[in-house]
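> Okay, here's what each chain looks like letter by letter:
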Amino acid sequence: SCSLIPPLLLCSCVCVCVCAPEQAVVMLVLGLGDLHIPHRAADLPPKFKSLLVPGKIQHVLCTGNLCTKEQHDFLKSICPDIHIVRGDFDEVSTYPETKVITMGNFKVGLCHGHQVVPWGDPEMLAVLQRQLDVDVLVVGHTHKFKAYEYEGRFIVNPGSATGAYSAFESESTPSFILMDIHGNTVVTFVYQLSPEGDVKVEKIEYTKA
Amino acid sequence: SHRTGYPTHPSVPYLQGGPFRNVHRRMAGTEVLSPEEEQEKWLEDATTVVKQQAFFMKRALDNGNLRDALKHSSNMICELRTSLLTPKNYYELYMQTFDELRYLEMYFTEEMKKGRRMMEFYELVQHAGNILPRNYLLVTVGSVYIKSAQAPAKDILKDMVEMTRGVQHPTRGLFLRNYLLQMTKDKLPDVGSEYEGQGGNVRDALDFILLNFTEMNKLWVRMQHQGPVRDREKREKERLDLRILVGTNLVRLSQLEGVDLELYKEFVLPRILEQAISCKDQIAQAYLMDCVIQVFPDEYHLQTLEIFLSTCTQLQQGVDLKTILINLMNRLANFATAQPEQIPEDVKIFNIFTVYVAKVIQHQSNMELTDILSLQVALLNFALRCYPDRLDYVDHVLGFCTQMLGKLGTRKLEKVSTKYIVQLLTLPVDAYKNILTVLELQNYPELMTFLDAAMRKKVAIDILKSVAQFSTTISEPDKVEKLFNFIKPLTEAEEEDEEEEQVLDEDFQEEQYLVARLVRFLDNEDSDTLFKLYAIARKNYAKGGEKRIKYTLVPLVFCSLELCGVVKARENEGEELQFGCKKIFQFVHEICRALSSILPDIAMRLFLQAAKVADECEYESIAYEFVTQAFVVYEDEISGSRAQYGAVNIISGALPAMQNLSEENFDTLITKTTQHSAKLLKKPDQCRAVANASHLFWVGDTRDGRRVLECLQRALKIANSSMDAAANVSLFAEVLDHFLYYMEEGNEEVKPQHITELMDLINEKLAELGDDEQVARVRRHYGNTLRHIKSKQAEGDAGSLADIDITQAIKVGL
Chain U
1 SCSLIPPLLL CSCVCVCVCA PEQAVVMLVL GLGDLHIPHR AADLPPKFKS
51 LLVPGKIQHV LCTGNLCTKE QHDFLKSICP DIHIVRGDFD EVSTYPETKV
101 ITMGNFKVGL CHGHQVVPWG DPEMLAVLQR QLDVDVLVVG HTHKFKAYEY
151 EGRFIVNPGS ATGAYSAFES ESTPSFILMD IHGNTVVTFV YQLSPEGDVK
201 VEKIEYTKA
Chain R
1001 SHRTGYPTHP SVPYLQGGPF RNVHRRMAGT EVLSPEEEQE KWLEDATTVV
1051 KQQAFFMKRA LDNGNLRDAL KHSSNMICEL RTSLLTPKNY YELYMQTFDE
1101 LRYLEMYFTE EMKKGRRMME FYELVQHAGN ILPRNYLLVT VGSVYIKSAQ
1151 APAKDILKDM VEMTRGVQHP TRGLFLRNYL LQMTKDKLPD VGSEYEGQGG
1201 NVRDALDFIL LNFTEMNKLW VRMQHQGPVR DREKREKERL DLRILVGTNL
1251 VRLSQLEGVD LELYKEFVLP RILEQAISCK DQIAQAYLMD CVIQVFPDEY
1301 HLQTLEIFLS TCTQLQQGVD LKTILINLMN RLANFATAQP EQIPEDVKIF
1351 NIFTVYVAKV IQHQSNMELT DILSLQVALL NFALRCYPDR LDYVDHVLGF
1401 CTQMLGKLGT RKLEKVSTKY IVQLLTLPVD AYKNILTVLE LQNYPELMTF
1451 LDAAMRKKVA IDILKSVAQF STTISEPDKV EKLFNFIKPL TEAEEEDEEE
1501 EQVLDEDFQE EQYLVARLVR FLDNEDSDTL FKLYAIARKN YAKGGEKRIK
1551 YTLVPLVFCS LELCGVVKAR ENEGEELQFG CKKIFQFVHE ICRALSSILP
1601 DIAMRLFLQA AKVADECEYE SIAYEFVTQA FVVYEDEISG SRAQYGAVNI
1651 ISGALPAMQN LSEENFDTLI TKTTQHSAKL LKKPDQCRAV ANASHLFWVG
1701 DTRDGRRVLE CLQRALKIAN SSMDAAANVS LFAEVLDHFL YYMEEGNEEV
1751 KPQHITELMD LINEKLAELG DDEQVARVRR HYGNTLRHIK SKQAEGDAGS
1801 LADIDITQAI KVGL
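Chains as they are written, first to last, in the numbering used here: chain U, 1 to 209; chain R, 1001 to 1814.
It is possible that some hints are incorrect.
Unchecked claim - Straight-line Cα separation of at most 25 Å, SDA-like style, residue types lysine to any residue; simulated pairs:
| hint | chain 1 | residue 1 | chain 2 | residue 2 |
| --- | --- | --- | --- | --- |
| 1 | R | K1488 | U | E70 |
| 2 | R | K1482 | U | A42 |
| 3 | R | K1433 | R | L1408 |
| 4 | R | K1348 | R | K1359 |
| 5 | R | K1237 | R | E1044 |
| 6 | R | K1751 | U | A209 |
Hints were generated in silico from the structure; no laboratory data involved.
Work out the full structure: start from the sequences and follow the hints.
Shown next, in the form of structure tokens:
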């Protein structure tokens, strides 16, 4: 798939793209969390909702804090294969604390992150990553988007999809990520809602050794 | 012959008509046929004759033998003299004949082109023996005559419409006149047509059509009284089958270019309505009124409302006026939506409708409640679409219904009535797209009370969904109060409720989340007013009892905490506020306490969130109080071991963020946390929680390396005491992570030998263990840890992990 144009905008505009022969299977993974609906937000931003339509995404990774069944059902409607872990405010108690999923050549770990003390500490997050033995770790809790490589592994925080309030965090920009996994590379697109109300997209690439 | 029962001679000259009898004689030996089969047979027989005679007619025309052609065409048309066929079957026969007569028409047209005098033909065909063929032939020639323009169109039309009077049998007459109408379709002296001027004007065309219409209506009404009473239902059905024949006249009227609004108003409509009233026939009246609505443009209706509606009140009792009025109102409502600028300013349409709807209700003394309500729904819909600014119209309708329902007393309403009342309440919500407008409707809440509990909830849910859908912001206290009054069915428990069932019900949950979401739409630039709005919300939510507040209060806490930020900023500016941070914290405190026993896990987390906000606002004692409350909830309400483990780790995560607590206070809290960590039920939980708690002693400026080490060593001791070998090596590996973390952080109390000793322990245990799933996981983890150490050493980080010897570990085959 084209690495120039972000996948979701690509799907919503007509664009001809020649795929390399070996990339027969499209694997787009949506990463989002900390929606905190209805506790801290009424709904997803309309501009995000219009991007998240069924049929475009193969897997969903949710870092938790949805917080209710209604949001669970919404995610399920976008894509049947969803993985959710438990956040500290989730009302559904049956989600696991952590999850490891194999996606293509990658082992992906999913955890909300409030279990890692100190909260948001990069070294302790790396510890969690080593414990789960995963190439990519997707965590939330801080409501701040982050994506970086550390000791050959990749850590990404999709932020809060609604820009929800947190007493422990000052500003919160609504954001979510889309990971395009092919071969040994993950291209992560982050979608952020600017204060003016536009969706801005950036990307970061990670190739495992 | 199927018709007369007598044998037929094909060569009977058309000049002589046979005696006409309706006798059907069953031939001996034949079986009895069902009515449908009889009809089929008769139709088949007649069609055969038509085809036969048509063949002869065409042959005669080809040979130029007009006499014979007319003779055969007359025979053909004579089949239409039957009284035996149902209207549907008669129509089939009629269409057959119609098609065949086109050849005859073509012949006359050819003759006309050759310059023949049409008057001759016109007179010739009138020698036909029977009146029915005579008239059909007359009309056939007449239409070509008009085309020839050899005489004024109006004269020919007048003659034909008079001559057809000769056929007074209802079915036959109706079809004959229909033939007349069809044949003269494009031959009327309308404005802009070729027949205008010498041929007449639009008034002549109107006279022609109106006369035809009047006669047809008379024939149609006459059908009602033909025959015995027991066959009435069958007759009425047959009448309905034929109604389009009468209606076509009105269609033709509407197609005339020359009929403008003036002419319609002054002349056309009055004549139609006059006929409707005078015929005193229920079926005709219902059909004609509806036909007028369908056939003529809406702009005309808007200008002739009063006369039309007043006619409605003069119709027979059995006519379904309600349907007529509803059709009219809906039609005009659609028209108004599409072309709002066409609504005339000077005509007070809504008032007219209100008056006449009331009259109609009075006129039909036994009108059912459901019918009255359906009229009101149509009226309301009309008001919403045509006059979107006139709330008073909508309120008026709601008021009328409220009064009427009030008079009936408390009665169980039918499902249909309920449906209409729900429509009356939800149509405005959908139309205005702004709940603040709906709140202005005075009669709204009272009308809601006539619904049962389930329906009231439905309306309330609609209201809340509208708020969410259109993101309506509500910023005035009185509006908020009103809104909560409107959604009372959701926020307050009612006696009719099945309370026990509801608690687990998913629908109930969804409902309450909708209610909870409402606070997100309360906003005001002035923080004092905004706080008042929150207080109103709190007051109303409280009425819901425990079952509801566990859903509805949590968002209120977060809204209030967010408000604190704004209020603090204003306090810093030195502004005088009615509600300062302290008041808001009190408010939050009260809510969290209310939730403590119902939702302890959430309540504890809320207390911590509040503590952080208080801490940031530098209200130290309040922050401390909130943390204390968090502990109280933990100690008193949180009992399951999994819940406790989760909770104590949250505290360990949250406390480091409290930057403004005094050293003493902070120390008390972190010590307490460590104690709770050590007192958890399960050993692995204890171990992990204590290891996490170690970080509490390594915060910002207050870093105490020794106490950190104490925690870690305690964690190890706990891990060691666990009986499960695989579990405890896993814990060792985890505690190792913490040790390494502190070494990298520069905690001097953590020495290389602490780490090497721990690693030796792990190596030893791993060597003993097998290779099941859990152990494999630990090996992978430990392997990653070693690689981490190696890569750090390779970086040349001075003093960090340089002194650790991992060679031994590597030898153990990792």
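> So, for every hint listed, does it hold in this structure?
Okay, the hints, checked on the actual structure:
| no. | hint | verdict |
| --- | --- | --- |
| 1 | R:K1488 to U:E70 | 23 Å, holds |
| 2 | R:K1482 to U:A42 | 21 Å, holds |
| 3 | R:K1433 to R:L1408 | 32 Å, violated |
| 4 | R:K1348 to R:K1359 | 17 Å, holds |
| 5 | R:K1237 to R:E1044 | 23 Å, holds |
| 6 | R:K1751 to U:A209 | 33 Å, violated |
When each numbered hint is compared with the structure, violations occur for hints 3 and 6.
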